[in-house]
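Novice: Please dock the two separately framed chains into a single complex, following the hints provided.
Note that the protein sequences, when read in sequence, are chains G and B. Residue numbers in the first sequence follow our numbering, run continuously in steps of one, and reach 430 at the last position. Residue numbers in the second sequence follow our numbering, run continuously in steps of one, and reach 1829 at the last position.
Some clues are possibly wrong.
Claimed, not checked - Pairs of lysine to any residue residues, derived as SDA-like cross-links and limited to a Cα-Cα distance of at most 25 Å, are as follows:
(1) G:LYS209 x B:ASN1431
(2) B:LYS1419 x G:ARG120
(3) B:LYS1419 x G:GLU192
(4) G:LYS294 x B:THR1573
(5) G:LYS242 x B:LEU1197
(6) G:LYS205 x B:ARG1739
(7) B:LYS1268 x B:LEU1197
(8) B:LYS1562 x G:THR315
(9) G:LYS294 x B:PHE1256
(10) G:LYS177 x B:THR1205
(11) G:LYS209 x B:GLU1481
(12) B:LYS1688 x G:ARG120
(13) G:LYS209 x B:GLY1485
(14) B:LYS1184 x B:PRO1086
(15) G:LYS242 x B:SER1195
(16) G:LYS205 x B:ASN1198
(17) B:LYS1184 x G:THR224
(18) G:LYS294 x B:LYS1807
(19) G:LYS253 x B:LEU1334
(20) B:LYS1137 x G:ARG216
(21) B:LYS1268 x G:ILE255
(22) G:LYS209 x B:LYS1440
(23) G:LYS177 x B:GLY1169
(24) B:LYS1184 x G:ARG120
(25) G:LYS177 x B:ASN1198
(26) B:LYS1268 x G:PRO254
To be verified - If you only want the chain G side, here are some residues facing chain B, beta carbon under 7 Å, derived:
(27) ASN114
(28) ALA159
(29) HIS309
Hints in this document: simulated from the structure, not taken from any laboratory. Everything numeric in this text was worked out from a predicted model, so none of it was measured. We treat Cβ as the ideally placed atom computed from N, Cα and C, and that holds for glycine.
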Amino acid sequence: MATFTFQKHIPRRTFLQTTALSVALPFLESMCPALSKAAQLGSPRRFVGVSNELGFYAPHLFPEEAGSKYELTRYLQPLADLREQFTVVSGVSHPGVSRGHVSDVCILTATPNNSGSYFRNGVSLDQLMARDLGQETRFRSLTLSVAADMSTSFTPLGAMIAPESSPARLFARLFGKETPQAQRETIERLREGRTILDVVGEEAKSMQKRVGAGDRDKLDAFFTSVRELERSLSADEQWALKPKPQVGAEAPKPIVNRADFIGFENQMYELMALALETDSTRFITLHIGGGNAKLPLEGVEEGYHNLSHHGQDPTKVAQLAVVEQAQMSAWGDFLRRLQRVQEGTHTLLEQTMVMLTSNLGNASSHDTRNMPVVFAGGGFRHGQHLAFDRNNNHPLANLYVSMLQRLGLPYDRFATGTSPLPGLEMIPSA
Amino acid sequence: MTRFKPTVLSLIAKLDGPIRLWVLALHGLGWSMPAFAFQQTAIAASPRILPSVPAFLEEHCTKCHDTDSQKGGLDLTTLLDAPNSPENLHRWEYVFDRVLSAEMPPPKKKQPAESDRQSFLRELREHLIAVCLDQKKTVGRVQSRRLTRAEFERSLQELLAIQIPLLDGLPEDPLTDGFSTVAKGQQISPNQLSSQLNVIDEALTLAFQQAINPPVHWKKNLSWEELRRHVNGSVGQARGPEGRPTQGDVVSWNTFNNEFYGRMDATKVPADGWYRIRLRALAVNPPRGERLSASVFSGKHVSTAPERRWVGAIEAEEQPADFEFTSWMKAGELLRVQVCDDSLPKKRAQRHPQNREAIEDLDGLGHAGIAVQSVEIERVYPEFSAADTRTALFGELSPPAAKQPPAGGGNSPQAATSKRDLETQVLAFANRAFRRPVSKAEIESFVDLAASKLAAGASLNTALQSTYRGLLMSPRFLYLEEAPGALDAHAVASRLSFFLWGGPPDASLRRLADSGKLLETKVLLEQVQRLLDHPNANRFVQLFTNQWLKLGEIDATNPDEKLYPEFDDVLKTAMLEETRHFFADLIRRNRSASNLVDSNHTFLSHRLAKHYGVPPLPEPGVREVPLRPEFHRGGVITHASVLKITANGTTTSPVLRGVWMLERITGQRVPPPPPGTPAIEPDIRGAKTIREQLDKHRSQESCASCHAKIDPPGFALENYDVIGGWREKYRAVNEKGVRKDGLPVDASAVLHDGQQVRNLQEWKKNLLTRPEWIAQNLVHHLATYATGAAPSFADRECIEAIVASAKVSDYGVRSLIEGLVQSPIFLHK
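For reference, chain B alone in the conformation it holds in the complex (with noise of 0.2 Å):
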């Protein structure tokens, strides 16, 4: 307490003129600071902590954790000095659950009285609760996110119908807590405002091309012949013979020195655009009883030029098939098609032993290859017409016809366009860019803007297009604007439309939160029903999990090619696919969270079930799978696409993978390790396992109390491998760096309890005896992705209830999330 009352008065010294007599007249009087009093700056100033809280902490705490020790990097009397602010929240909150859990102080030291404990513990919560919804009253818990980068990229695309890919364009966003959406991390800055105008210029300027300019048609149908390679009007001298007259085909071998390397000059797209791209192929020699697995890339492929970009993966047999992509291509590449299956024996094609000129007999003597019969390609237009972008842009309003003269003719036929007309078009934009109703005086500079061009005798295009520019700049297309307390309608379903879909509001939920009836809670439930059904729920989907499961991480590093030389794009891409298919099916049918930790079936394709050692699937294709035992897999957690995450490529770390574990899944959060912590060093030789390794790590006492809730479920995955393998022993490199077989994999663990697992099944087993915490983890990061601010203290009880209410359908995700969005955390800023 000592510590407290010059901190609080010289908090109050800096608080302004009125306020601050105010302030110090109630101090004086020995009462709490009411909330209302104070807009921002006195956050820090409300809520008073009870003494015995100080008491406790320095009776128990900070002989070790001050300023002086500052044991496990902890110095609680900086958390004293300044106990309301909400910078120290987080750090409450390790301190709470430490003495709740018992942990502290250490066994080892003087225990509290449990009755000191109990009001310890009671009053720390009470003013946490009452600092949380002190900020929450007054400013928010959350503060006006703005979009991230897919979001802009999305709503521009929408706004304007149109589909150009814009991502790259702008700079990527910094996570905190995990996501991309949250408002405290997420930064503004000049460089950043100078991206997005130039790329919404970019978009603005294809939206007016789009919409003036019909749309070209452009299809090829391409058989065998047109497909092969041709040199100087000559076939296939560049790279030996090739195509299959007798089978009317053309073959990409699974050769080192390929002659025909897939490469298909014949598909070379004349324009930016989407396509639509029907192959007709089929496996030769594949192996015995499988499919082939192949990939299609588009891009240039040649030495000068080696961007790709991934089109899909064919899963080939004997018989031919077609099969069908929607794919972004970009002027002047083309497509390759070539074998993916680096599980598979790869030889180094010899040349013919009669015909030197000639390559041997590849078929005959058993190579695999991918052969394609035909191929056709399509300009397609597969979300948006030319109608649509000429509605968003020009709505009642006659565009220009194509090909007019150039703009800037004084006479020019818009310019009879009316400031009324004008005026009723650009309110309709503004209306969809900023997501609410906006009143004309609120737009009046912006179709100034337009109108002062138009008088200038530019053309309507081009005072449109200035005009647009302008409102795509505002902060209210930018920002979430969010006001404290209950949402209003239309910030409900932004909320909602970003949430679930990545993008923003449509028409009906527009219309919906306009005449306030999405408040009302039937309506805001069947809506959420309608966004989860709609194919743009996969946007959520893909954009959640890139996150909360980190699989944007997947490219981070590679896989050792010495060690792990079966890693091909085919099977990183169904890892992926696995992952999302999996969890997109929880939310359809409301499949239970501990899925996540143990699940009776998966998500596979011919190439992952190989890598899992399940037997070929019937079908080709992501399939629904149901495991047995032997395969060692179920839940999440054993996807192969975290477990490569959670891996540096060459080893598997069982802190790292045990960190993620408690972060993303069991919801048990460590605090970062402290400062000048030395990190282990991974050693491949094949001496010592990382068990050996981290023993000693462990056995310091500072460490200890954190990692013996990290290490136990990083240990269990243990008989996982960089590239999600099941291994019973490492894979090492000897002294010439050749791979060999390691020592032994333990996946054993003693948990933080003292009980020990043998293995990830007793880890999983031990674990699900509390599937609701499995449940309240995911509430949380769907709540810090959803709303832009991680759940405060004062939400666990929230959450605990979203999640007792979903225990009749045993946690079902989709119960979870309309729990979560008719909660005060979603509703309220």
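With the rest of the complex left out, here is chain G (with noise of 0.2 Å):
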């Protein structure tokens, strides 16, 4: 098999080229009836991949000690009944990314930013999961944010998918009612979009000609995007005849105070919980910004952002902490939700990995080792703390290749991952 690193620069056609020829991606075609089945079956597996973008305060959120008998910290207490359903990891980070806030855009690609001036991301661990098994929901994935206009989703070709950041909005999208009059105008306004990419699609082509051979990736890449709007307009179409599943909650309320993040973190979790429970998607991130509001906490008396530029102030790190507890517990909360949904003999927690990180180790002084990572459910062996070298960190992305096998996608390698997290273990499917 052909290795090679990504720290060097490689022409995308080249990369295109050694993937497809050493890692044997996984084809949809031939990957539909297998999954059709496991979706008759009724228990799919499913990611949610959660971020903040400003960490978590180390000495709160590590244990001392390794293994299973650990003690549980301040943000581990508010998970202390989940105890046996998560992994606490440390001492992991992605190699070669550096560049304090700006490496949020790699927490889930763990691409490479710092080996010169000019980077280009690449595909998200969500989107690689729902490239390969997303069409069998009516949204392939799902893009959140709470406060933040970026997300942590990233195409194959390395652009962002811009995220929904109103659960309003989302809760529309999810399980809002259309009239049949609308309904007609969607699918009218979907199908005359398809024939319209139809034409645009052949100017590209014909406009290649006209610019040169430099521009080849561009409008490759433009042709690219066309074709798959148009699949997925099309996707939508069959989608729309189809009635979208009903729920019991009620659209969210609107929040008042912006700065209520975890206002806004419980709406999301929740809308996230019935979208997987609906199986209206399987692959889900969410990003959380580090704007500095104020959050309405007990406590809390400086913006969020400023606090965590504590600068070892005891007051401000006190304050900071108080947000961090509150965002671990609603954090906890979602898998709480999730475990109460039966799915056959297993709890939708059991058939969802879901992670939480950030890229930030320490945001006081924008280090970007040593990211926290607390990864729970999914069928694994869970109830440990596993423990890397802090100083010489392990690649996160290891982690990364332990979940695409879990989907049971034959990846032994995710951007700076090589193997799968060594310490974690897979509950074998009954």
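Specialist: Below, the structure is given as structure tokens:
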């Protein structure tokens, strides 16, 4: 098998060829029959990647002891009852990823960003999963954010997918009902969109001839995007004919205070749980921004971003801990919510890999090493602290390889990940 | 050399059939490979590097910078493996510059003989230029770039003659080499296209509505009585008494618990649109000898809908005056006026001592307030009239009358539209949309789209809408079409127009492109003058400074409220206005680029003058103000806007400011920190200054070489706090979190060459001995923004020439722009 490192720049063309040869990408067609079967069995596997921009204060997160007999730290306390459902991982990060805040785009792509002036991102974990397995559901994936313009989801060409940040709009997309008239208009619009894209795709080809060889990549990407959009409009058209799932829940109430990050997170988590439960999608990312709003939490008097630059000021660290603990509790509630849903012999949590992380291991100094990682559910043996070397970090992308393999996808590497994460064991499927 | 040969062969192995054989043959003969042999795959194989370059590197560099040690994160062996790769060019430039300035090899190591050094530089230089030119000739220095979201929005607005803001629907553009126009960083994805389709649909729907339905006239003249808060038919129950019947106004007081908090229900607007707002206002109890700053926002201004939109600032005096704004408002939004100067003391209003139902006499107690006597608000169509929209969409075709029966009827009057008329209109639209003449054959499928719709009984409206939808999704609309070599007149027109107007070429430019006259230097320069003198050039000033100076990041952090309570919205807006006015003025009056570093004037409004400690200005609004030494200002680098952007809201970092200064102003490029570099932990407890922390950082040799350049300008700016205020002591907090004076500021620095400067003035003086650096760097950024790629190594001489020819105007910014536009950097792909 050809090996290559991502540190060097390899022309995309070569890259694609090499990849195709070495990892034997699964093709949709060949995957479909097996999948439909899984779907019929009613317990598909899912992935949820949650991240925040400012990390977690490390001394409050990572336990002292490795293994299963560790003592719960302050931030893990809210998850005490879920202890056997999650693994806390320390001493991991993305090799070759640095540059402080802007490394947020690498959270799920693990693509090195510090090798030169020009950085092209790679595909994110969720989008790779969605590309291979997403066609079963109304939404191949959901890309969400709280208080952030950016997302952690990137297409195979490294383009960011703009996140949905409004719980109300998300609810409407997932469960909102349309009148028959509106439905007809939607379908007509989608159909015409496809006709237009067809014409436009041809134009890209003829334009390619006029502008010269250097632009071929650009127009290729345009052409591919047009084709993919066409396909997705066509899928949308099929889905538009089918009724959306009915849920008892009501549309989320508008949140008055924009600084109420935790309120937004709770609404998003509830909708995410509903989306998974109704099998509207199987792959979700949620990114929580690091704006400088003053969260309406008792004991918090300063903006979140400012608190993260605590400069070791104990009054700031104390306030920061309130914010971060609240985020951890909200995440714990989400896990419990998934645990309450039974799917056949499994709980929804056992079928859903849920990761919580951040690009920053230490936001006060913008350090990207020692990323915080808590990983729950999804059919792994949990209940432990996997402690890697804090001075010489283990690649986090190995966890991503574990996750891809858990989905039954035959990848043995992902970006800087070259093997499954040592010490993390899958529970064999029944 | 040993490393190189197998690589060439392995590259050749990747080439296809005949070319490969040819290349092998040439290589065997020891010829350098001809550029024209390869279209794209083989760029990496063309000009050959001379053996003395790898030999020099091996002797002096790769002991530290190899795959194993990678000192400073630099592995030169990867460069030697692919010496011609475009991706490696910028690293070669670093190598060239370090050796040129004799920074490398470091002084402690064995130094190369001067003759070796010179021949290495000469050969590397020739090689890099050859690689650049080869690339330029075959594929162009720049890839065809796509419109940025701002350009996309503006293009739709001009094409459809509508003015609706569309930015929110479009994903943010990534910045590469500092700019969103840079092609290699621009991405395209199904999601991007899908957002574009949605925005196009939104714009088309609105445009057709506007073209067919006559514009709605809506205007209100509101007296002070109508502006009062009416609750259940009675006046002012909810928040106590309001208004001053004796004075005939309503007052929004500068207190924490405002009774009337400036929300004026009666100004609620019925529909999304542009509104002209005229407020008659005055200051109550303004601070002694000052005007009172107030803000106007539009929004719903209720707790359930906290979104708000900036309308403008007011500088009120005790005599009433009119303040006029034109602003986009959404249906249901209304205006809110508030005192906005957080440097003023603000108190809690108390209950009236006798009447518990009422508030104490705020006026008599001397509280400041902004009083509004009347408001006039009117819906306007500032840029395009409904007739313009009609012409843009229908041209010579007759648009359907308003309120016609729903579309779809087989015998609609539009069924009579002939295919030829339809074709003429679609062609006219396509010419504008694609920014170049289009043949009938090229738009046939689009005309068919409309024709088949019409045939199926759709209205002309619907048919045209579908066709325009298609044209606007076309790559010819989205991308600037540029072929390798000298650009054709239409490509030049587009570059020029997106550069200086942030939008597509207008009819005059298109005409000059059609006739080819635009390629004549005289005509080209006339057009530069015309575009720069037009109000549309403000868009250039805004878009360019947002990215070049990072003004677009003004909201990235909010200043710590405890440390910087005086920061407010009026001040923030005034900061941005200062810098934009200043840069626009450099262009307008062709003032020297060295004004960026030092200047004897700036542009201030009342609130900013106060922030800078400049005595109150005689006139309201933004004014040019001559600077005196005691103001501690001069040059963009002392503008509060950039000082805020380069700080994090709590602390300043000489490193961040230093990097900003080198990248944006002086043009000394330093590589990013090597992987795994720990950052400094900021400490605001006041025990240690940032300088003390940095000294430790700098004592390490691997850090020192770059930080010797980065830190001095950062240190020199330490006298400016996180909101650009002048300081001689840091602001700190005590154990209880209360603000206190911290340690004194030391703004001295040791320059890279060992020279000592005591403060910013001395640092500036030193830099201004080389004003051409500042001009070159400005041209570098202008060229990146205007062409969609950073200038290459081979363009260095061209930039030097542009700058040299502007020396007669003391490097006037307008001259620099003219020079750039005439240069091959701008006129070639």
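Novice: None of the hints should be skipped; say for each whether it holds.
Specialist: Verification of the supplied hints:
1. Between LYS209 of chain G and ASN1431 of chain B the CA atoms are separated by roughly 20 Å; this keeps the pair inside 25 Å, and the hint holds.
2. Restraint check for LYS1419 of chain B and ARG120 of chain G: not satisfied, since their Cα atoms lie roughly 47 Å apart, outside the 25 Å limit.
3. Taking the CA atoms of LYS1419 of chain B and GLU192 of chain G, the gap is near 21 Å; set against the 25 Å cutoff, the hint holds.
4. Of the pairs offered as hints, the one joining LYS294 of chain G and THR1573 of chain B holds, with about 22 Å between alpha carbons and a cut-off of 25 Å not exceeded.
5. Restraint check: the Cα-Cα separation between LYS242 of chain G and LEU1197 of chain B comes to about 23 Å, which is no more than 25 Å; the hinted pair holds.
6. A hinted pair counts as satisfied when its Cα atoms are at most 25 Å apart, and LYS205 of chain G with ARG1739 of chain B does not qualify at roughly 64 Å.
7. For the hint pairing LYS1268 of chain B with LEU1197 of chain B, the CA-to-CA distance comes to about 32 Å; that exceeds 25 Å, so the pair is violated.
8. Between LYS1562 of chain B and THR315 of chain G the alpha-carbon distance is near 13 Å, which keeps this suggested pair within the 25 Å criterion.
9. Between the alpha carbons of LYS294 of chain G and PHE1256 of chain B the distance comes to roughly 18 Å, so the proposed pair stays at or under 25 Å and holds.
10. A C-alpha spacing of about 23 Å is found between LYS177 of chain G and THR1205 of chain B, which places the hinted pair at or below 25 Å, so the restraint holds.
11. Annotation: proposed proximity of LYS209 of chain G to GLU1481 of chain B holds, straight-line Cα distance about 11 Å (limit 25 Å).
12. At roughly 39 Å between alpha-carbon atoms, LYS1688 of chain B and ARG120 of chain G are farther apart than 25 Å, so this suggested pair is violated.
13. Restraint check for LYS209 of chain G and GLY1485 of chain B: the C-alpha separation of about 15 Å stays at or below 25 Å, so the hint holds.
14. Note on LYS1184 of chain B and PRO1086 of chain B: the hinted pairing holds, with a Cα-Cα distance of about 11 Å set against a maximum of 25 Å.
15. Simply put, LYS242 of chain G and SER1195 of chain B have alpha-carbon atoms about 24 Å apart, close enough for the 25 Å limit, and the pair holds.
16. For the hint pairing LYS205 of chain G with ASN1198 of chain B, the CA-to-CA distance comes to about 24 Å; that is within 25 Å, so the pair holds.
17. In summary, the hint linking LYS1184 of chain B to THR224 of chain G is supported, as the alpha carbons are separated by about 17 Å, within the 25 Å threshold.
18. About 51 Å separates the Cα atoms of LYS294 of chain G and LYS1807 of chain B, which puts this hinted pair outside 25 Å; it is violated.
19. The straight-line distance between the Cα atoms of LYS253 of chain G and LEU1334 of chain B is roughly 23 Å, inside the 25 Å bound, and the hint therefore holds.
20. As the CA atoms of LYS1137 of chain B and ARG216 of chain G are separated by approximately 16 Å, the hinted pair is consistent with the 25 Å bound.
21. The suggested pairing of LYS1268 of chain B with ILE255 of chain G holds, with an alpha-carbon distance near 23 Å, which does not exceed 25 Å.
22. In summary, the hint linking LYS209 of chain G to LYS1440 of chain B is supported, as the alpha carbons are separated by about 19 Å, within the 25 Å threshold.
23. Our distance criterion of 25 Å between C-alpha atoms is met by LYS177 of chain G and GLY1169 of chain B, whose separation comes to about 23 Å.
24. Between LYS1184 of chain B and ARG120 of chain G the alpha-carbon distance is near 9 Å, which keeps this suggested pair within the 25 Å criterion.
25. A C-alpha spacing of about 20 Å is found between LYS177 of chain G and ASN1198 of chain B, which places the hinted pair at or below 25 Å, so the restraint holds.
26. Between LYS1268 of chain B and PRO254 of chain G, the direct Cα distance comes to roughly 22 Å. Compliance with the 25 Å bound is thereby established for this hinted pair.
27. For ASN114 of chain G, the interface hint holds, the least distance from its beta-carbon to any beta-carbon of chain B being 5 Å, beneath 7 Å.
28. Checking ALA159 of chain G against chain B by beta carbon gives a least distance of about 4 Å; that is within 7 Å, so the hint holds.
29. A distance limit of 7 Å between C-beta atoms decides the matter here; for HIS309 of chain G the minimum to chain B is near 5 Å, and the interface restraint holds.
Checked against the numbered hints listed earlier, the structure breaks hints 2, 6, 7, 12 and 18; every other hint is satisfied.
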